[in-house]
Each structure stands twice: as structure tokens, then as C-alpha cells.
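J.: Sequence:
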Amino acid sequence: MNEAKKYIPGLGKQFFVSKDEIVKTLLNRIEDLENNQDSTDLENRVASLESTVNSLQSKLASAESAISDLETRVSELEKAGS
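Numbering follows my numbering, in which position 64 of the sequence shown is assigned residue number 64; successive positions increment by one, without gaps.
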């Protein structure tokens with residue numbers, strides 16, 4: 001058999017592709033990596049992920065502060081109601 005099933009994430013479908021095409025694609029990808037053609041793309045992706053992490057950490061800190069404020073307010077209301 002000279003064909004292999006290939007799954008496409010997102011499309012949720014499988015299709016048949018020749019092994020020669022798979023090998024050709026892999027060899028091209030290896031060559032790209034060896035030539036560092038993807039380094040800029042990877043650096044940009046890493047920078048984007050770092051930015052996302054920093055943004056999420058900031059949002060988490062804000063949420064933790066808001067929770068602390070709410071806990072303080074609940075405690076004050078409970079004392080006032082006693």
C-alpha cells in the first residue's frame with residue numbers, strides 16, 4: 001500500500017496521501033529547520049506566548065486582589081450583622 005491516512009486537526013477528516021508526499025514534506029521541513037528559516041517565526045511565537053503569560057499573570061493578580069477585597073467586605077458585613 002503506497003498511501004497512508006493523514007488526519008487534519010480542525011477539519012476532523014482523514015484523507016489518503018501518498019507516502020512519497022509525506023516523505024517529501026518531511027524532508028522539506030527538515031531542510032527548513034536546518035537552514036533556521038523558522039527561527040524568526042519561533043522567536044515571534046515565544047515572544048507572543050511570553051506576552052500572553054505576563055498578561056494572564058497580571059489578570060490573576062487583579063483577580064486575587066478583588067477576591068481579597070470581597071473577603072474583607074464579607075467579613076465586615078458579617079461583623080456588622082452580628
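Calculated directly from the structure, the hints in this document are not laboratory data.
Hints may contain errors.
[As the list claims (entries may be wrong)] With beta-carbon atoms standing in for the labels, derived distance ranges:
no., residue 1, residue 2, range
1, Ile67, Val46, 43 to 53 Å
2, Leu26, Ser62, 37 to 47 Å
3, Leu60, Thr40, 45 to 55 Å
4, Leu26, Gln57, 32 to 42 Å
5, Asn54, Arg29, 53 to 63 Å
6, Ser58, Glu78, 46 to 56 Å
7, Leu27, Ser48, 47 to 57 Å
8, Leu42, Glu78, 26 to 36 Å
9, Ser48, Gly81, 46 to 56 Å
10, Ser65, Ser18, 36 to 46 Å
11, Asp41, Lys19, 21 to 31 Å
12, Leu70, Val23, 37 to 47 Å
13, Ser68, Lys19, 40 to 50 Å
14, Ser48, Asn28, 17 to 27 Å
Glycine is no exception: its CB is placed at the ideal position from the N, C-alpha and C atoms.
J.: It remains to establish, for every hint, whether it holds in the given structure.
T.: Each hint, compared with the structure:
Hint check: Ile67 to Val46, Cβ distance near 31 Å, so the stated range 43 to 53 Å is violated. The given range of 37 to 47 Å is respected by Leu26 and Ser62, whose C-beta atoms sit roughly 45 Å from each other. In this structure, Leu60 and Thr40 break the distance hint of 45 to 55 Å, their C-beta atoms being roughly 30 Å apart. One distance hint, 32 to 42 Å for the beta-carbon pair Leu26 and Gln57, holds here, with the actual separation near 38 Å.
As the Cβ distance of Asn54 to Arg29 is approximately 31 Å, the hint placing it in 53 to 63 Å is violated. Range check, Ser58 to Glu78: about 31 Å between beta-carbon atoms, so the 46 to 56 Å window is missed. Here the CB-CB span from Leu27 to Ser48 is close to 29 Å, at odds with the stated 47 to 57 Å. The hint said 26 to 36 Å for the Cβ distance between Leu42 and Glu78, and at roughly 53 Å that hint is violated.
Look at Ser48 against Gly81: about 49 Å separates their beta carbons, and that is inside 46 to 56 Å. Judged by the Cβ atoms, the range 36 to 46 Å given for Ser65 and Ser18 is violated: they are separated by roughly 58 Å. Hint check: Asp41 to Lys19, Cβ distance near 28 Å, so the stated range 21 to 31 Å holds. Separation of Leu70 from Val23 is about 59 Å and departs from the stated range, judged on CB atoms against 37 to 47 Å.
For Ser68 paired with Lys19, a C-beta distance near 59 Å fails the hint of 40 to 50 Å. The supplied range of 17 to 27 Å is met by Ser48 and Asn28, whose beta-carbon atoms lie about 25 Å from each other.
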